[in-house]
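Single-letter residue listing:
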Amino acid sequence: MVSFLRVFKFAFQDIARNLGLFSMTIFILVLMLLSVNTLWSMDVVTKEAVQVVKQQVNISFYLVADASDQAIKDLTSYIQSFPQVVSVKVVSRNDVLASFETRHQFNTDVLQALSELGSNPFGPTIVVNTKEPSDYKTIMDAVNVPQYQSLVEDENFQGHEDALDRIQSITNRVNQIGLGLSILFAVIAFLIIFNAVRVAINSQRIEISIKRLVGASNWFIRAPYLVESLIYSVLSLAITMLIMYFAVHWLDQYLTIIFPTGFSLTNYYRSHMLYVFGIQGVVVLVLTVFSSTLAMRRQLKV
Amino acid sequence: MISLHGVSKFYTPEAVVLKDINLTINAGEFVSVVGQSGAGKTTLVKLLIAEEKPTRGKIKLGDWDITNIRSSVVPFLRRQIGVIFQDFKLLPKKTVFENVSFALEVAGVSALRIRQVVPPVLNIVGLSDKAGRYPTELSGGEQQRVVIARSLVHRPKVIIADEPTGNLDSINTTDVIQILKKINEFGTTILLVTHNREVVNHLRRRVITLADGQIVSDEEAGKYVI
Ligand SMILES: Nc1ncnc2c1ncn2[C@@H]1O[C@H](COP(=O)(O)OP(=O)(O)OP(=O)(O)O)[C@@H](O)[C@H]1O
Ligand SMILES: [Mg+2]
Numbered sequence: 001m002v003s004f005l006r007v008f009k010f011a012f013q014d015i016a017r018n019l020g021l022f023s024m025t026i027f028i029l030v031l032m033l034l035s036v037n038t039l040w041s042m043d044v045v046t047k048e049a050v051q052v053v054k055q056q057v058n059i060s061f062y063l064v065a066d067a068s069d070q071a072i073k074d075l076t077s078y079i080q081s082f083p084q085v086v087s088v089k090v091v092s093r094n095d096v097l098a099s100f101e102t103r104h105q106f107n108t109d110v111l112q113a114l115s116e117l118g119s120n121p122f123g124p125t126i127v128v129n130t131k132e133p134s135d136y137k138t139i140m141d142a143v144n145v146p147q148y149q150s151l152v153e154d155e156n157f158q159g160h161e162d163a164l165d166r167i168q169s170i171t172n173r174v175n176q177i178g179l180g181l182s183i184l185f186a187v188i189a190f191l192i193i194f195n196a197v198r199v200a201i202n203s204q205r206i207e208i209s210i211k212r213l214v215g216a217s218n219w220f221i222r223a224p225y226l227v228e229s230l231i232y233s234v235l236s237l238a239i240t241m242l243i244m245y246f247a248v249h250w251l252d253q254y255l256t257i258i259f260p261t262g263f264s265l266t267n268y269y270r271s272h273m274l275y276v277f278g279i280q281g282v283v284v285l286v287l288t289v290f291s292s293t294l295a296m297r298r299q300l301k302v
Numbered sequence: 303m304i305s306l307h308g309v310s311k312f313y314t315p316e317a318v319v320l321k322d323i324n325l326t327i328n329a330g331e332f333v334s335v336v337g338q339s340g341a342g343k344t345t346l347v348k349l350l351i352a353e354e355k356p357t358r359g360k361i362k363l364g365d366w367d368i369t370n371i372r373s374s375v376v377p378f379l380r381r382q383i384g385v386i387f388q389d390f391k392l393l394p395k396k397t398v399f400e401n402v403s404f405a406l407e408v409a410g411v412s413a414l415r416i417r418q419v420v421p422p423v424l425n426i427v428g429l430s431d432k433a434g435r436y437p438t439e440l441s442g443g444e445q446q447r448v449v450i451a452r453s454l455v456h457r458p459k460v461i462i463a464d465e466p467t468g469n470l471d472s473i474n475t476t477d478v479i480q481i482l483k484k485i486n487e488f489g490t491t492i493l494l495v496t497h498n499r500e501v502v503n504h505l506r507r508r509v510i511t512l513a514d515g516q517i518v519s520d521e522e523a524g525k526y527v528i
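For the record, the sequence lines run as chains A and B. Counting in my numbering, the first sequence runs from 1 upward without gaps. Counting in my numbering, the second sequence runs from 303 upward without gaps.
I should point out that these hints are in silico values taken from the structure, not numbers from a laboratory. C-beta: ideal position from N, C-alpha, C; glycine also. One or more of the hints may lead you astray.
Unchecked claim - Once the Cα atoms are required to be at most 20 Å apart in a straight line, the calculated DMTMM-like pairs of lysine to aspartate or glutamate come out as:
| hint | chain 1 | residue 1 | chain 2 | residue 2 |
| --- | --- | --- | --- | --- |
| 1 | A | K131 | A | E48 |
| 2 | B | K395 | A | D14 |
| 3 | B | K396 | A | D14 |
| 4 | B | K484 | B | E500 |
To be verified - Calculated Cβ distances over 12 Å to all of chain B for the following chain A residues:
| hint | residue |
| --- | --- |
| 5 | F4 |
| 6 | I26 |
| 7 | N144 |
| 8 | Y275 |
Just chain B, same shape as in the assembly (with noise of 0.2 Å):
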C-alpha cells in the first residue's frame, strides 16, 4: 500500500531530517510512528501526501508514484487518502455538514450523491444531530471527529493522521482510537503518528520508531519504548 525505497529528505544540504527510509505498509494495517520531537515524523506525512518532495529516493502510495509528482496531480491524490492533523482546522464559516461535504463538493460529486455519502458518515464518527454546527460551537474531540468524518467521505484507502490526539484529553483520546480502529477493521491502511504511550500500548499493532532521521525499530505489536 505504502513504499519507501531509500528516501532522504533535506530542507536544506545540511539539515538532513530523513536518512535512507526503507519501509513497506500493507493495505490494511495500522502503524504507529513514534519518535521524539524533531525526528522527522511531520516530515515523513508531509512527503507521503506530497506536501514535500524527497531529496532521494522512490516513494509509492497505492497505485501512485508520488515520487516526482506533478502540482496538477496533487489534488487528485488528496482526494484519495484520508488526511488529519493535530491543527488541522475546520472552515470557520462552514457548518459540520458543510465541512465535511466541502472534500466531496471540491471533487465534482454530485449534489445527491452528497446527500447521500455525509450522513452516515457523520454518523460514523456519532456527530449526526451536529451536523448544522458551526466548529465553534464544538469541543476540541468533537472537531477533531469532524476532521476524521471529513477524511473518510472519499473512502480512502489509506488515512494519515498526525498526532490526531495531540489536544485532546483522555476521554476524547479514546473516542477518536475508537474511531480510527473502527476505520482500519472495514480495510482501510492507517497510519498514526502520536507521542501517546498509552495510545500505542493499547492498540498492540505496529510500531515504528524513527530517531534523528532513522528507522531504531519496527516491530509488530510493538510497545511504546522510547
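So that you can see chain A by itself, here it is in the shape it has in the complex (with noise of 0.2 Å):
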C-alpha cells in the first residue's frame, strides 16, 4: 500500500519537475491528435458532400400528359427493378403545374398564355435518382426502348455528362489529396513521437539504472512511467477534445450553408464520440506505454 501511493507521489513528482518536457510531449501528442482529426473529420466532411452531389444528380422523364395510372405504375415499377436506382419519384400533373407557376410567377406573359390554354399542358414526371452518377446512362437507355417511346415525351439529365465528369474528377482529386495529407501527417508524427521518444528514453536511462543500483524492484521503476503515461494520454485527449469542440463549432457555420442536408459535424462528433475518441485515445496510450517501455527494455533486463 505504501509503495502503491509512492508510484503515484513518484509519476507527479517527476511531471511537476519536468515541466518543461511534459508540456512539450503533451504539445507534440496534442499537435498529432489534431492532424489525425483533421483527417477523419475532412473524411466525414468528403464523403457527405460526394452524397449530396450524388443526390442532386437525377433523371427526369416527362410523360405525355393523358397517361394512364397503369401505365406510370408499370413504367415505375420498371425502373425500380434496376438494382442502381435508389428512388423512384413520381410528381403529378397538378403538382408540375404548380411548380411551373410558381417558377414563373413574375411572368405575366407566361401566365397568360397558360390560362389561355384552358386546361393542364403537363404530363407527370419520373424522378430517378441512382447510386452512382455514372448509372443514369444505363436507365435512360432502358426506359428509350419501343415499349415506352408513346409515354416518354422528353427526359431530362440535370447536370450533363461533362459536369458529371467534372465532379467525378473533383471527387477523385480529393480523394487523393486527403490521402497525400494523411501520408504527409504519419509521416511528420512518426518522426515528431521518434524523437520524442529518443530524447525521453536517454533522459530515462541514466534514471533507471540508477534506481536499480539502489534497489528498486523492476515493478516500482515502471509503474511511475505508465502512470506518467496514462496522465499524458489522458490530458492530450481532453485538450485535443477540448480544441475540436471549438473549432467544429465554428466550421459547422459554413458546413450548415454548403449542406442543404443539416449536416453538422458537431452532430457528427456528438454521436460518434466514444469511436472517435476512444480509438484515439487507445492508440495514444499504446504510443505512449510502448514508447517507455523501450526505454526500459534495455536497463530492466537484468
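Two independent chains are provided; combine them into the complex using the hints.
Encoded structure:
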C-alpha cells in the first residue's frame, strides 16, 4: 500500500519537476491528435459532399399528358427493378403545374398563355435517383425502348455529362489529396514521436540505472512511468477534445450553408464521440506505453 | 563476508577479462583493489553487485550465493550492499534528502522511519544543511558524499566503491576517504577500487593488485606498487 501510493507520488513529482518536457510532450501529442482529427473530419465531410452531389444528380422523364395511371405504375416498377436505382418519385400533373406557376410567377406573359390554354398541358414527371451518377445512362437506355416511346415525351438529365465528369474528377482529386495529406501527417507524426521517444529514452536510461542500483524492483521503476503515460494520454486527449469542440462549432457555420441536408460536424462528433476518441485514446496510450517500455527494456533486463 | 572461488569472466570466448580469481574478504576489512586500466577491476565490482554473472566459479556475499542469482532477487541484494561509482549519478530532479530517502522508499520503508534514518546519515557525510538542494546546486565532492549517504541508509554490511574519488580534487578525495574510514570503523566491510596512489599508501590496509584479470599480489598493509 505504501509503495502503491509512492508510485503515484513519484509520477506526479516527476511531472511537476519536468514541466518543460511534460508540456512539450503534451503539445506534440495534441498536435498529432489534431492532425488525425483534421483528416477524420475531412473524410467525413468529403463523404457527405459526395453523397449530396450524388443525390442532386437525377433523371427526369416527362410523360405525355394523357398517360394512364396503369402505364405510370408499370414504368415506375420497371425502373425500380434496376439495382442501380435508389429512388423513384412520381410528380403528379397538378404538382408539375403548380411548380411551373411558382417558377414563372413574375412572368405575366407566360401565365397569360397558360390560362388561355384552359387546361393543364403538363404530364406527370418521374424523377429517378441512382446510386452512382454514372448509372444514369443505363437507366436512360433502358427507358429508351419502343415499349415506352409513346409514354415518354422527353427526358432530362440534370447536370450534363461533362458536369458529371467534373464532379467525378473533383471527387477523385479530393480523395487523392486526402490520401497524400494522410501520408504526410503520418510521416510527420512518426518523426515527431520517434524523436520525442529518443529524448525520453536518454533521460530515462540514466535514471533507471540509478534506481536499479539502489535496489528498486522492476515494478517500482516501471509503475510510475506507466502512470505518467496514462496522464499523458488522458490530458492530451482532453485538450484535443476541447480544441475540436470549438473548431467544429466554428466550421459548422459554413457547413450548414454548404449542405442543404442539415449535416453538422458537431452532431457527427457528438454521436460518434466514444468511437472517435476511444480509438484515439487507445492509440495514444499504446504509443506512450510502448515508448517508455522501449526505454526501459534494456535497462530492466537483469 | 565476500568470497570468490575460481571465478572467471569472459564477455566473449576470446575476451577473457577475469581469470580464476580466488579471494576471501572478511567482515570489517577495508580492502583496496588497484591495477592498470583494463585489468578487470570494474568487472569484478559488477560481478559482486550481480550486474554481470560469472562465466565460471562461485561468488558468495554475506549469506547470499549470488553465482546464479535470480533477477527478481537482485533488488533485495542491492539493498544489502552500498554501491558507489565514480559516475554513479544522483537523480537530478530530486533533492539531496529525496535522493537519499529514495533508496529506502523503493524498499517500502515507512515515511516515519525515513524521517528518522535520513538526517543522521546526512550528518555523517556533513550535508545536513544542504538537504533541500538539488544535485546541480552541489559541488562534485558534495554530490559524491550524497551518493555515499544513499549507500548507507540501509546500514549495509558491505560497501563497494569503484573509483569514488576519480573525479575529485585532493581535498574532496581526503573528505570522501575519511568518511569511508569512519564507516569502516562502525564495522562495515569496504571494498575500494582506486587509482590513487596517495590514498592507498595513506590507508595502510590490505591491497589487492589485479593485472590482466589475475591477482598478482595481495598484501596486508600494502602499498601502491604499479
Ligand atoms: N560489456 C563488455 N563487453 C566486452 N568487453 C568488456 C565489457 N566491459 C568491459 N570489457 C573489457 O573488459 C576489460 C576490463 O574492463 P574493466 O572495466 O573491468 O577494467 P578496469 O580495470 O575497471 O579499468 P579502468 O581502470 O580503466 O576502469 C577491458 O579490456 C574491457 O574492454
Ligand atoms: Mg573501471
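Hint by hint, here is what the structure shows:
no.: 1; hint: A/K131 / A/E48; in the structure: holds, 14 Å
no.: 2; hint: B/K395 / A/D14; in the structure: holds, 7 Å
no.: 3; hint: B/K396 / A/D14; in the structure: holds, 9 Å
no.: 4; hint: B/K484 / B/E500; in the structure: holds, 18 Å
no.: 5; hint: F4; in the structure: violated, 10 Å
no.: 6; hint: I26; in the structure: holds, 18 Å
no.: 7; hint: N144; in the structure: holds, 81 Å
no.: 8; hint: Y275; in the structure: holds, 39 Å
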